[in-house]
Structures are given as C-alpha cells and as structure tokens.
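Chemist: Next come the chains, spelled out residue by residue.
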Amino acid sequence: MKHHANDDTLKRITEAMVALETDAVPKLAEDALGSGYPAQSIVDALTVGINTVGEKFEAMEYFLPDLIMAAGAMDESMDILRAALTRDDVAVGKKGTIVLAQVQGDIHDIGRNIMTAMLRAAGFTVHDLGHDLKPDLIIDKALDCNADVIGLSSLLTTSLPFAEQVPRLLVARDLRARFQVAMGGGAVTPEYAVRAGADGYAENAGAGVKLMHQLVAGR
Amino acid sequence: MASVFEVLRRAENGLYIKEHDFDMKLFKTTSGLVKEHGIKFNKDLAVAKDDKMADSIFEAGLRLATEMGMFSTDTSRIIEFSEQELLQALRLAPQEMVLGLGKDARVLRARRFGDGYPMIVCGGCPGTPLPEELFLPVMMSYAREPLIDLLIPGSLTKIEGMDVTTGGPLEIRACRQEMIWVREALERSGRPGLHIYAAGESSATELGTLAICNDRYMRTSDSHMIPVLSELKTDNKRLSRVMTGYEYPAFTTSLINPIIGGFGGGPEGAAIVLAAAIMLATAAYRVDMHCLHPIHNKYISVSTKQAMWVDSVVGRAFARNAPVALLADAWTTAGAGTQEILYETAALAIAQETSALHTDSLGATNGVYPNCSGLEARFFGEVAHAVFEQKLGPEEANDLVLRLFALYEHGFEDPNLGMPFPEVYDVKLIEPKAAWLDTYERTKDAIAQMGVDFR
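Residue numbers (my numbering), protein chains in the order written: chain A, 1 to 219; chain B, 1001 to 1455.
Incorrect hints may appear among the rest.
So the derived label-pair ranges between C-beta atoms look like this [claimed, not checked]: (1) K1428(B) / P190(A): 25 to 33 Å; (2) R1188(B) / G72(A): 53 to 61 Å; (3) E1133(B) / G130(A): 34 to 42 Å; (4) Q1084(B) / D7(A): 56 to 64 Å; (5) D1235(B) / D7(A): 48 to 56 Å.
In silico EDC-like cross-links for lysine to aspartate or glutamate, where the CA-CA straight-line distance does not exceed 20 Å [stated by the list, open to error]: (6) K1040(B) / D66(A); (7) K1035(B) / D66(A); (8) K27(A) / D44(A); (9) K1035(B) / E61(A); (10) K56(A) / E1413(B); (11) K1028(B) / D23(A); (12) K27(A) / D7(A); (13) K210(A) / D1414(B); (14) K1028(B) / D132(A); (15) K1043(B) / E58(A); (16) K1237(B) / D132(A); (17) K1018(B) / D199(A); (18) K1043(B) / E61(A); (19) K134(A) / D1074(B); (20) K1035(B) / D1055(B); (21) K95(A) / D7(A); (22) K1049(B) / D1399(B); (23) K1028(B) / E61(A); (24) K1035(B) / D1051(B); (25) K210(A) / E1413(B); (26) K1025(B) / D23(A); (27) K1025(B) / E21(A); (28) K1043(B) / E1395(B); (29) K1444(B) / E1389(B).
Don't read these hints as lab results, they were simulated from the structure.
Since this is a predicted model, take the numbers as computed values, not measurements.
Beta carbons are placed, not taken as given, at the ideal position from N, Cα and C, and that holds for glycine.
Start from the sequences and build out the full structure, keeping to the hints where you can.
Modeler: Here you go:
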C-alpha cells in the first residue's frame, strides 16, 4: 500500500481541503481509511491542506467563513480517524486543549472566532466559551475541559481588569501551575499581559497559533 | 418609517434565526452580491474613482440590508426593514446639522461631490486609555488646534486609582469626569461651545451615556455613539442607548466596524456590509451621522489600502445616491513623535477628503497607547484643507496616497509606536516639544514636495 505524500488519494484529500470541498473531505478521509491507508498519513494530508487554508486566510484569499468551514471538516475527519490512530501518533487533537473566552463585559466575537478556527486548523482541541464571561466561570470551564491553556481576549480597555482577575484567581484557587494563560485582543498590549501575570501575548491570530504551540510545549 | 417602539417590537417578534446561521447567510448573500455586481477591489486603489462601482455597492448594500435585516443577539430575532423603509429613513436623515454652540458651532453636512464644502475635522483620541493626570492636558492639546471642528474624548481607565470596569459603577463616574475635563479643556482653550463628539468614551455600556444626559456633562448640542455590532447586529445594550437618545435630544452617531476578511468576505464584501449597516443604523437607531471604521483582519489599522478603499467607495456611493453625514475614523498604526504617523495621517486625510467623508479623529497606535497629541490632528486638518483647496481628483489623490503608503507600510508588521504625550509635548505649556515639531515640519515639507499645496 502506498501512503506517501504524492499518493493520489492523499493528494486528493489535501486538494479537497484547499478547495474548501468541506462536505467531501470527511468522506475522502473515511474512504482512504477503509482502503487501508494509515490514519496518520491521512492526518498529514489534511494538515497540509488546512495549513494552506490558514495561509490563504492570512493573505485574504479566503475569509473567516471559509476558515470556519475548513476547521469543521477537519474536526469531522478527525472524529472518523481518531479510533484508528495509535497512541504513539502525533495526532491532531493531541497538540493541546485550549479554552478561549472573551472576558466579562466584552461582547466582541469575531476575533475570537478567527482564533478558534485557526487553532482548530492547527490541530488543537478548542473549546470556545463565548463572550462576557466572569473570571471564575472561565476557570471552572477550563477545569471541566481539562484545558492546557486559557486564552483570554478583550477589545475593551474597561474589560481588561476582568482579564487580569483570571491569573489572580488561579493563584487564589491554588491552580496557577495547572494552566498556562495567554492574552490577546485589541485592548491588550504585551506590557499589559506581563503586568497581568499572563504567560504569553499574541497580537493576532497567526501569532496566537505560534504562542499556543510554545505554551503547550512548555508545560 | 418604523418608530423606536416598532424596532423594539421587531427585535422581540421578528424571524428567529441561530446566530451562526445568520453569519453564514450574510457571507453567502454578500458573496453573491459581489459576483452579481462584478465588484472587484484593485490593490492599486486606495481611493475609489469608479462611479458605477460605487452605485453598485449602494444597490448591493440596499439588497443586503433588506435581505438580512439587523440581528438582535439578545433575542435571536431579525429586525427586518423593507426597502421602502430603508430608503425613507435615508431621505429623512439630516442633511445639515449645527453641532456645538455660539461662535464655536460648526455645520456638519451630508457631503456631495462638488458641493463646495470641506470636511469637518474631528480631533481627539477615541478609545485611547489616558491616565487621570494626563487627561486634561491631552484634551487641551486638541482643543487648542484651530482646524479642529469637533472634539472626541479619550478614555479614563482609572478613577481614584481604581480600574473602570465594563458595566461597573465607575463607568458612571469616569464618563462624568471625562465630560467635566473635556469641557474645561475647551473653556481654557477659548472654545467653550465646541461640539463634543461621541461623549462618554470612557464607558462601554449604556451606563455612561445615561450618566451624562445632563447639561452639566453632555449638552444637547453634543453627541453620543450607538455601535452596530459586527456584522449587522445589535443587542439590548445598544438599543438602550437608542432609547436614551429618544428623550434626551443630543445628537447620535453610529459606529460601524465591518471586518475585512470576516463574514462579509474581502474588501468588496466589507464595503457592501458597511453600506448596509449605514442604512440599517439610520432606520433602526435613527442616528444623525455615522462613524465608519473598517478593520483589517490582520493589521486592524484603517490606513491599510483595503480599509481606505472600503471607506472611500462607500463615501462615494452615499454621496451619489443618498447623502448622509459620514465620519471615517483615521486610526494609525504609528504613534506621536514619529514620521510614520504623519505619513499615515496624510494618506487618510487625502483619501477621506476626496471621498466626500468627514473625519472622526485620529486614533494613534490604533487607540492602544497614550502616544497621541494635538499636533498630528493639526496635520490632518492641514492636509485635508490643502487637498480640498487644490480640488484634488480621485486619480491624483490615489497616486499621492499610494506614495505615502509606501513610506509607512513597513509599520504594519513592525509598528513605530512613538512616545507618550509627556515626551512629545510640554505638559504645562501644552505645546509640542522641539523634536516633535521638527519632525512635523520636515514631514510637511516632504509632503509638500509630493504635491500637497499648503498655502
């Protein structure tokens, strides 16, 4: 059985992802698995495709809905492949678990939507908790999800005090070592993130993906 | 035209839709309209010149507004408007407003090409967090600039050393203090009647607006802001601001932030979404004017080519089809004290003046750092007035903007954030320091060499 990157079946999976044939992608993944392709080779083909989608989004050739649909196709494909992946595989979804939240008082969603889609595309398990969330509730959800990283976003200066409550409450609840904390969003500066006790800051979604890799690897 | 109560009724009883489905429908509808009208962003254009395309964007915006309506995130209902209601709302929108009082009052017009009136220049530092001790001097630095016609406050983020939090009690105090100090800045600058635009910047909720509905703070000759949530959405907090304005007759302005690369798609789709949002805000909020602020999906700043083009083509679309007062934000990536901020300022001033827009102030460092001052606002006014007097056409304007763009585009990846106010201004005299003044003069000379005639 051939399963190198130039293989036509795997190439077709990559191409379908890049072409945003999002209904076809999970079916192609399932067919390839049924034909005896190792699950990891299929994951690799999907990853190449979705990375290209991410690059096209950054270059404004693709837009947020495209990214969301591609990330959805990736998730669906992974559900099909997960059982077949052996424990030693470096599989999508094993890169780390992230919870993302817009802090209390802030109802902006779109930046976090972009971050969610790009992280899912990069292979993280992402729980998007939504907006206007109290600091303590964010921590409760992070525990429920067994998250590695808590990602906090704020576009409002007046919501930043709620962002810094999260690291402080983690300390108060004796959970600070349990989670990495990342911050981003229009109102956040790198200096603020340091002052607030975060472990990292990202100025945009692309930088956010790199940051999450670093934070998860540093655990 | 639907009354405020009818809008609230529609928000409660309109068609139910999941928010995700609304977003995806918006993408599909907008993409279809872009294709149907053959609208194409040209990367060599920051200033729109194609009347046919501008008309198409107006038509597509009207279709989008009619097909989508405005989504209430609190009720998951669509506030629908018929095409007739939207057009009627635009027809009834004010064409001229006297903003401010006495000799300091200015007339804000719904601009048309060739109407013989220059833009109204709003100065200030919207969204910028300012410490209490700097708030008054920073505001005075703007108030003292004679080319500034309206003043927008910065944001107070601490009161008595405590953080102002969204929806918290200090929002009330912060907004009142903000207005007291802005008024003092105007009085000390001999311009007590100047219009305060978007009063209550220190509050992200309706609390601040409600707190300042009093002649001591926000006069009825001032204005407050009612944002449209991206894209084409509202909620009870925004509608509460509408209700606040219902009985307190200060002026109102929308704030519209279409995301370029977001649910509307690229610049073409974002322009259609922006046009639709202007129509919906006119009908649903009954605002007197609109603040336009397209956001680039990566760089945020409105000084990208895409964002300038979105503002420009929408300005052209409304000036030709249904003039309403449009004020475009002029937020820059760079900060005070740098040559880059002046290049960005000049590009934005040229693009906005030649696109029948007014300006809604210059937010240095995209409103993140207090690295701002009155001098860059002065420069904005000087450039805008110069190109108005020169009767610069869109082609010449575009050439100039592209040449300026080449001088600051490196800053999107590696911004020159400049310096905080006390490092560029003498805080006691409220005057620019020598180094900042020198940078300003050198840059002004360079831009004059490029063809801007500062007489």
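Chemist: Look at each hint and say if it fits the structure.
Modeler: Status of the hints after comparison with the structure:
1. Distance hint check for K1428(B) and P190(A): the Cβ-Cβ separation is about 31 Å, which falls inside the suggested range of 25 to 33 Å.
2. Take R1188(B) and G72(A): their Cβ atoms lie about 57 Å apart, and the range 53 to 61 Å holds.
3. Restraint check, E1133(B) to G130(A): a C-beta distance of roughly 37 Å satisfies the suggested window 34 to 42 Å.
4. The hint said 56 to 64 Å for the Cβ distance between Q1084(B) and D7(A), and at roughly 59 Å that hint holds.
5. Between D1235(B) and D7(A) the C-beta distance comes to about 50 Å, which sits within the given range of 48 to 56 Å.
6. Of the pairs offered as hints, the one joining K1040(B) and D66(A) holds, with about 19 Å between alpha carbons and a cut-off of 20 Å not exceeded.
7. Distance hint between K1035(B) and D66(A) is fulfilled; the C-alpha atoms sit about 17 Å from each other, no more than 20 Å.
8. Straight-line distance between C-alpha atoms of K27(A) and D44(A) comes to about 16 Å, which keeps the hinted pair within the 20 Å bound.
9. At most 20 Å may separate the alpha-carbon atoms for a hinted pair to count; K1035(B) and E61(A) meet this at roughly 15 Å.
10. The hinted pair formed by K56(A) and E1413(B) meets the criterion: a straight-line CA distance of about 18 Å does not exceed 20 Å.
11. A distance of roughly 16 Å separates the Cα atoms of K1028(B) and D23(A); the hinted pair therefore holds under the 20 Å criterion.
12. Pair hint K27(A) plus D7(A) holds up; C-alpha atoms about 17 Å apart against a cutoff of 20 Å.
13. About 17 Å separates the Cα atoms of K210(A) and D1414(B), which keeps this hinted pair within 20 Å; it holds.
14. For the suggested pair K1028(B) and D132(A), the alpha carbons sit about 28 Å apart, so the restraint of at most 20 Å is broken.
15. Between K1043(B) and E58(A) the CA atoms are separated by roughly 16 Å; this keeps the pair inside 20 Å, and the hint holds.
16. For the hint linking K1237(B) to D132(A), the alpha-carbon distance of about 13 Å falls within 20 Å, and the restraint holds.
17. For a cut-off of 20 Å, the pair hint linking K1018(B) to D199(A) is broken: about 35 Å separates their Cα positions.
18. With a C-alpha separation of about 13 Å, the suggested pairing of K1043(B) with E61(A) holds against the 20 Å cut-off.
19. For the suggested pair K134(A) and D1074(B), the alpha carbons sit about 18 Å apart, so the restraint of at most 20 Å is met.
20. A threshold of 20 Å between alpha carbons decides the hint, and for K1035(B) with D1055(B) the separation of about 15 Å falls inside it, so the pair holds.
21. A C-alpha spacing of about 26 Å is found between K95(A) and D7(A), which places the hinted pair above 20 Å, so the restraint is violated.
22. As the CA atoms of K1049(B) and D1399(B) are separated by approximately 12 Å, the hinted pair is consistent with the 20 Å bound.
23. The hinted pair formed by K1028(B) and E61(A) meets the criterion: a straight-line CA distance of about 16 Å does not exceed 20 Å.
24. Only pairs whose Cα atoms come within 20 Å are accepted, and K1035(B) paired with D1051(B) is accepted, the gap being roughly 18 Å.
25. With a C-alpha separation of about 16 Å, the suggested pair K210(A) and E1413(B) falls inside the 20 Å cut-off, and the hint holds.
26. For the hint linking K1025(B) to D23(A), the alpha-carbon distance of about 18 Å falls within 20 Å, and the restraint holds.
27. Under the criterion of a C-alpha separation no larger than 20 Å, the hint pairing K1025(B) with E21(A) is consistent with the structure, at around 18 Å.
28. For the hint linking K1043(B) to E1395(B), the alpha-carbon distance of about 14 Å falls within 20 Å, and the restraint holds.
29. Note on K1444(B) and E1389(B): the hinted pairing holds, with a Cα-Cα distance of about 17 Å set against a maximum of 20 Å.
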